[in-house]
Structure formats: C-alpha cells, structure tokens
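Visitor: Each protein sequence line maps, in turn, to chains A and B.
The first sequence begins at 6 in my numbering and counts up one residue at a time.
The second sequence begins at 205 in my numbering and counts up one residue at a time.
There's no promise every hint is true.
Stated by the list, open to error - 30 Å max Cα-Cα, derived DSSO-like pairs, lysine-lysine:
{"id": "1", "chain 1": "A", "residue 1": "238", "chain 2": "B", "residue 2": "401"}
{"id": "2", "chain 1": "A", "residue 1": "256", "chain 2": "B", "residue 2": "508"}
{"id": "3", "chain 1": "A", "residue 1": "188", "chain 2": "A", "residue 2": "238"}
{"id": "4", "chain 1": "A", "residue 1": "230", "chain 2": "B", "residue 2": "459"}
{"id": "5", "chain 1": "A", "residue 1": "206", "chain 2": "A", "residue 2": "217"}
{"id": "6", "chain 1": "B", "residue 1": "459", "chain 2": "A", "residue 2": "191"}
{"id": "7", "chain 1": "B", "residue 1": "265", "chain 2": "A", "residue 2": "256"}
{"id": "8", "chain 1": "A", "residue 1": "256", "chain 2": "B", "residue 2": "466"}
{"id": "9", "chain 1": "A", "residue 1": "117", "chain 2": "A", "residue 2": "238"}
{"id": "10", "chain 1": "B", "residue 1": "536", "chain 2": "B", "residue 2": "556"}
{"id": "11", "chain 1": "A", "residue 1": "186", "chain 2": "B", "residue 2": "430"}
{"id": "12", "chain 1": "B", "residue 1": "402", "chain 2": "B", "residue 2": "342"}
{"id": "13", "chain 1": "A", "residue 1": "188", "chain 2": "B", "residue 2": "402"}
{"id": "14", "chain 1": "B", "residue 1": "402", "chain 2": "A", "residue 2": "269"}
{"id": "15", "chain 1": "B", "residue 1": "228", "chain 2": "A", "residue 2": "164"}
{"id": "16", "chain 1": "A", "residue 1": "269", "chain 2": "B", "residue 2": "459"}
For the record, the hints were derived by calculation from the structure and aren't laboratory data.
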Amino acid sequence: MRIYVCVKQVPDTSGKVAVNPDGTLNRASMAAIINPDDMSAIEQALKLKDATGCQVTAVTMGPPPAEGMLREIIAMGADDAVLISAREFGGSDTFATSQIIAAAIHKLGLGKEDMIFCGRQAIDGDTAQVGPQIAEKLNIPQVTYATGIKKSENLVLVKRMLEDGYMMIEVQAPCLITCIKDKTIKPRYMTLNGIMECYSKPLEVLNYEALKDEPLIELDTIGLKGSPTNIFKSFTPPQKGVGIMLQGTDKEKVDDLVDRLQKKHVI
Amino acid sequence: MSFNSADINSFRDIWVFCEQRDGKLVNTDFELISEGRKLADERGSKLVGILLGHEVKDIAKELGGYGADKIIVCDHPELRLYTTDAYAKVLCDVVMEEKPEVLLIGATNIGRDLGPRCAARLRTGLTADCTHLDIDTKKYVDFLATSSTLDISSMSFPMEDTNLKMTRPAFGGHLMATIICPRFRPCMSTVRPGVMKKSEFSQEKAEVCQIVMRHVELSAADLKTKVVNVVKEAKKMVDLIGADIIVSVGRGISKDVEGGIKLAEKLADAFGNGVVGGSRAVIDSGWLPSDHQVGQTGKTVHPKVYVALGISGAIQHKAGMQDSELIIAVNKDETAPIFDCADYGITGDLFKVVPLMIEAIKETQNA
C-alpha cells in the first residue's frame with residue numbers, strides 16, 4: 006500500500022499581510038509554511054504507516070524551492086517525495102492544477118490498495134477544490150472533511166464532518182480523502198534521524214516534458230492561459246474609517262462606551 | 205447525447221442547486237434562489253432550482269416563493285442522504301442534458317464536496333466561496349465604486365460582457381478577486397452561506413412555480429461510497445450567522461481560557477441574547493468548537509453589535525466580521541489591527557474591562 010499525500014507551500018496569512026503598491030501580495034515578506042490542513046493529511050498518513058508499514062509519498066506542485074518543504078515532510082517520516090514543477094504549469098487554477106497532479110499520480114502508479122490524502126483547503130486560496138477534482142480525473146471515490154481514517158484490506162472507514170455532526174462513510178480503495186484539523190490529530194515534529202536522512206531519500210522532479218504526453222492532461226486547459234477561470238479584476242477593499250479610541254481609566258472608558266451605546270439605542 | 209462545455213452559446217438559464225438535509229431545505233437555498241432571481245433578471249433568463257432527495261417533492265414549492273420559475277426534483281431512495289457519487293452523477297446528467305448557463309451551489313460542507321467534483325466532470329471552471337455576484341457590467345462597476353479602492357473613473361470596462369462576475373476574498377480576505385469563466389459553461393460558483401440576502405417570501409409566486417419531476421437513473425455500480433451512519437452532535441448549535449449580538453474571544457484569553465469564555469458569555473447575555481464566537485487561534489487551540497469560528501475560514505457575520513475581546517484582528521478574522529454594524533474592540537495592545545475597523549476601541553486588560561462593562565450595561569438596564 007502506498008499513500009500519496011498532496012501538500013502545498015503557502016504564505017502564512019494568519020499574521021500581518023504585506024501588500025505591494027500594485028495591490029498584489031508581497032510574498033517575499035511572509036513566511037512560507039506547510040498548509041495547516043495538509044499537516045493533518047501528513048499525520049493521518051504517517052499514522053497508517055506506523056500501523057501497517059505502508060509507503061508514504063509527499064507530492065507537491067510548485068516552484069523549485071518547494072523542495073525544502075518536501076524534505077521537511079520526509080524528515081517527519083515520509084519515504085519519498087515528488088515535486089511537480091514547470092513554468093508551463095504556473096498560474097493554473099484548480100481545474101488545471103488537479104489535471105496535472107492527477108496525471109503525475111497516474112504516471113507514478115495508483116495501485117488497488119493505494120490512497121491519496123490532501124488537506125481540505127489551502128489558506129492562500131481557500132478553495133477546497135483541488136482534492137475532489139483530482140479524484141474525479143482519476144475516477145476514484147472521494148471523502149472530504151475527514152478527521153478519522155481506518156483501513157482494513159481495501160475497505161476504508163472515514164469520519165466525515167458536517168456543520169452539525171458527522172457521517173461515518175465506508176469507501177473502497179483506491180480513494181482520495183481530504184483531511185481537516187481536529188484536536189485529535191496532532192501533527193508530529195521532524196525527528197533528528199529524519200533530518201539527518203532527509204536529503205538521502207528519493208525526491209523525483211516531474212517537469213513539463215515528463216507529463217505532457219500523459220493521457221490525463223489536456224494541454225489547452227493548463228497554466229495561466231489554459232485555466233478555465235481567469236481573474237477579471239483584483240482589488241483591495243476600502244479600509245473602514247478608524248473609530249474612536251476611548252480614553253481615561255478603565256472605568257471611565259467603559260462608562261463613556263456605555264453612554265455612547267445608549268445614545269445610539271444599542272442598549 | 206452530446207455535451208460540449210466549450211459551445212457556450214447553447215447554454216441558457218440560471219440554476220441553483222438546492223440542498224436538503226433530513227428532507228428539509230437549508231437556509232442557503234433561500235439565499236441563493238433570491239440572488240439567482242436577481243441574476244436571471246439581469247440576464248433576461250429563467251431561474252431554475254434543482255432539488256435532489258427522496259420524497260422531497262412537497263418542499264419544492266417553497267423555493268418558488270423566493271423567485272424560482274421552476275424546480276426540477278430528482279427523487280430516488282439513494283438520494284435521501286448525500287453521497288458524492290450519487291449526487292454528482294444525477295446533477296451532472298441533468299446539467300449535460302439541459303445546459304444551464306450558470307450553476308450556483310451553497311458553499312456548505314456538502315456543496316464544497318459536490319461542486320468541484322461536478323466542475324471537473326463537466327469540464328468547466330468553478331469559483332469557490334463567492335461573496336458577490338454580477339452579470340450586468342454596470343452593476344458590477346457600481347459595486348466596485350463602493351467596495352474597492354480602485355479609481356473607477358480612469359478604467360474602462362467591457363459593458364456588453366455577460367459573463368458571470370464572481371467576487372471572492374483571497375489571501376485571507378486581504379485581496380478581493382473577481383473571477384470569470386469565459387470559455388466554458390456552465391459558469392459554476394459556490395456561494396458563501398449567510399452573505400446573500402434572502403428576499404421576502406411570496407405565497408403567490410410559490411403557487412405559480414412549476415415543479416417538474418425528473419426520472420433518475422442510478423445503479424449500484426455508480427455508488428462506491430456508503431454512508432454507514434449519520435450522527436448529530438448533541439452540542440448546542442450556535443447560530444452565529446443569524447445573531448444580532450456576537451461577543452468573540454481571541455488569543456487574549458490565554459491566561460484564563462475558561463474565565464475568558466465565561467466573561468464573553470456574560471457580556472453576550474448582558475447585551476441580550478448574544479452568542480460567543482472565536483478567532484482562528486481560539487478554534488485551533490481547541491478552546492471553542494469550530495462552529496464558533498468567525499473569519500475567512502470560519503463564518504462571515506454581520507450582527508448589529510460585534511465585540512472583539514483580545515483579538516488582534518488578523519486579516520483573516522476581519523474578513524468575517526468587518527461588515528458588522530457596530531464594532532467594539534478590547535485589546536491590551538494599542539497597535540492591534542482590530543482597532544482599525546472598530547467603531548469604539550478600549551485599550552486594556554479584558555479581564556478587568558469586561559466585568560466593568562457587564563456591570564455598567566446592567567445598571568443602565570435597571571435605571
């Protein structure tokens with residue numbers, strides 16, 4: 006059994022975000038991290054590896070420096086990694102991206118017992134689309150929003166979260182599962198041994214040449230030009246005017262606030 | 205049957221996928237039908253809802269009351285509960301035959317599972333979690349004039365453009381992007397719950413809405429997943445989206461998590477029937493369950509009063525609350541970005557300030 010874990014390197018948008026004068030994101034000023042939901046997918050895969058000894062392969066599409074992230078995941082316990090990287094793939098939307106990743110996994114081989122794990126969504130785009138679209142291209146079943154995964158033979162039992170509860174879903178391998186953060190999933194750290202060995206483990210780079218003849222790729226719907234969706238306009242929302250900072254001691258500030266709220270008939 | 209997503213002139217009408225759970229329509233259905241009506245009027249086309257389920261014919265009419273001209277009902281025992289396999293098969297089959305120009309889906313946990321699967325099968329684009337939609341370019345330009353920092357007067361727009369213009373927050377809400385899907389149909393969008401305004405229900409419109417039952421073909425070979433059981437969590441449901449008063453807590457409660465949440469609850473009660481929300485840090489730390497999360501990855505709220513306690517105001521949080529009618533922020537750090545969007549800011553320790561607030565509010569109510 007082999008588990009492919011699809012991961013993405015993203016700018017950390019949880020802190021202060023820097024924007025260039027032209028309105029685009031200043032990525033250079035922000036830390037690059039492993040997408041948080043992907044950390045859950047990695048942990049779920051490594052847990053299954055602990056239990057069954059299966060092979061875990063980290064897969065990403067991105068610019069060459071994403072190799073660093075893949076080495077980190079190997080240091081956490083993955084066996085090997087695949088970096089899909091080509092200028093022709095740049096600017097791909099989710100439809101285009103999923104074709105390329107599906108083609109790469111198809112080329113590497115998806116066996117009867119194999120599974121693909123993804124994070125539910127990435128914090129830079131927040132689309133949650135690439136996982137299900139990979140599953141569709143590979144014609145395998147999907148389960149999204151997973152917090153628990155158990156496997157016996159080819160049968161996989163998944164806990165799938167809903168807004169007001171959860172479903173237990175039984176699915177046949179090969180399948181694709183997207184994982185979310187949950188307090189029961191604690192992503193592990195890199196080990197010292199892992200760090201020592203991570204550069205000696207296999208890391209394959211798949212470029213345009215390697216994938217362009219794959220049957221799952223349509224060359225006219227990949228990259229910036231081919232992607233079905235395009236950006237029509239991008240803009241920054243106007244900042245709401247800065248309000249009033251109340252002054253004085255805590256008591257004075259609170260009394261002032263309550264007074265103002267009363268005048269506005271809020272209370 | 206020939207279906208070619210690139211033959212864009214053969215596609216007509218605005219469609220809404222109407223979700224049901226336990227045989228009941230969900231709120232996003234009414235929001236999307238109301239929004240869909242607006243788009244259909246801009247395009248001069250029909251608004252059609254498509255409802256999948258089992259024994260759901262009787263609930264379909266209500267959708268007409270919000271503006272649907274027609275509801276297509278796909279009824280089958282295998283559609284009673286949502287499964288990706290069955291729903292994607294049925295929805296795609298009908299879409300391939302009827303060729304709608306636009307297909308809107310609520311961005312719920314179910315919609316965001318179904319949407320991308322269908323878009324990939326239909327070979328078309330999908331825009332996730334949209335917060336604003338336009339077809340008419342003039343209306344879109346008016347929207348930009350009030351909701352962006354762009355200098356509209358110096359720009360030119362293709363006024364004849366009839367693509368659906370789908371606007372959504374990107375990069376944690378710091379940038380807004382308007383996306384189009386010009387070469388393929390249908391134009392697909394998942395729409396964030398709680399953002400589109402539900403219109404007034406009209407019994408008259410509900411009466412004239414056409415209900416069409418559609419034959420469904422599903423075989424065992426189509427179903428590779430099985431729902432073993434569904435568990436409703438007994439926890440108290442928080443209705444952040446519908447709340448008038450929200451008191452949210454952030455990392456600032458870390459020195460006494462339980463005490464901080466108690467204070468927020470008491471303050472919410474003092475304002476009257478408020479609910480407690482949390483920032484991403486609070487949810488990620490497991491201090492509050494995820495249905496309390498406000499922000500880009502959580503819920504978008506616009507209550508009458510939003511109180512932010514110990515929340516620094518990361519862009520991703522602001523994206524979910526900055527449209528609240530009145531914002532009050534309490535934070536120790538006077539440079540916290542939350543103060544940039546607050547109407548009233550108090551620099552101070554929330555554990556000292558909030559008890560004073562509760563007391564002062566109660567006093568005015570007793571006076």
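Visitor: Are there hints from earlier that the structure breaks, and if so, what are their numbers?
Guide: Numbers 3, 4, 7, 9, 13, 16, in rising order.
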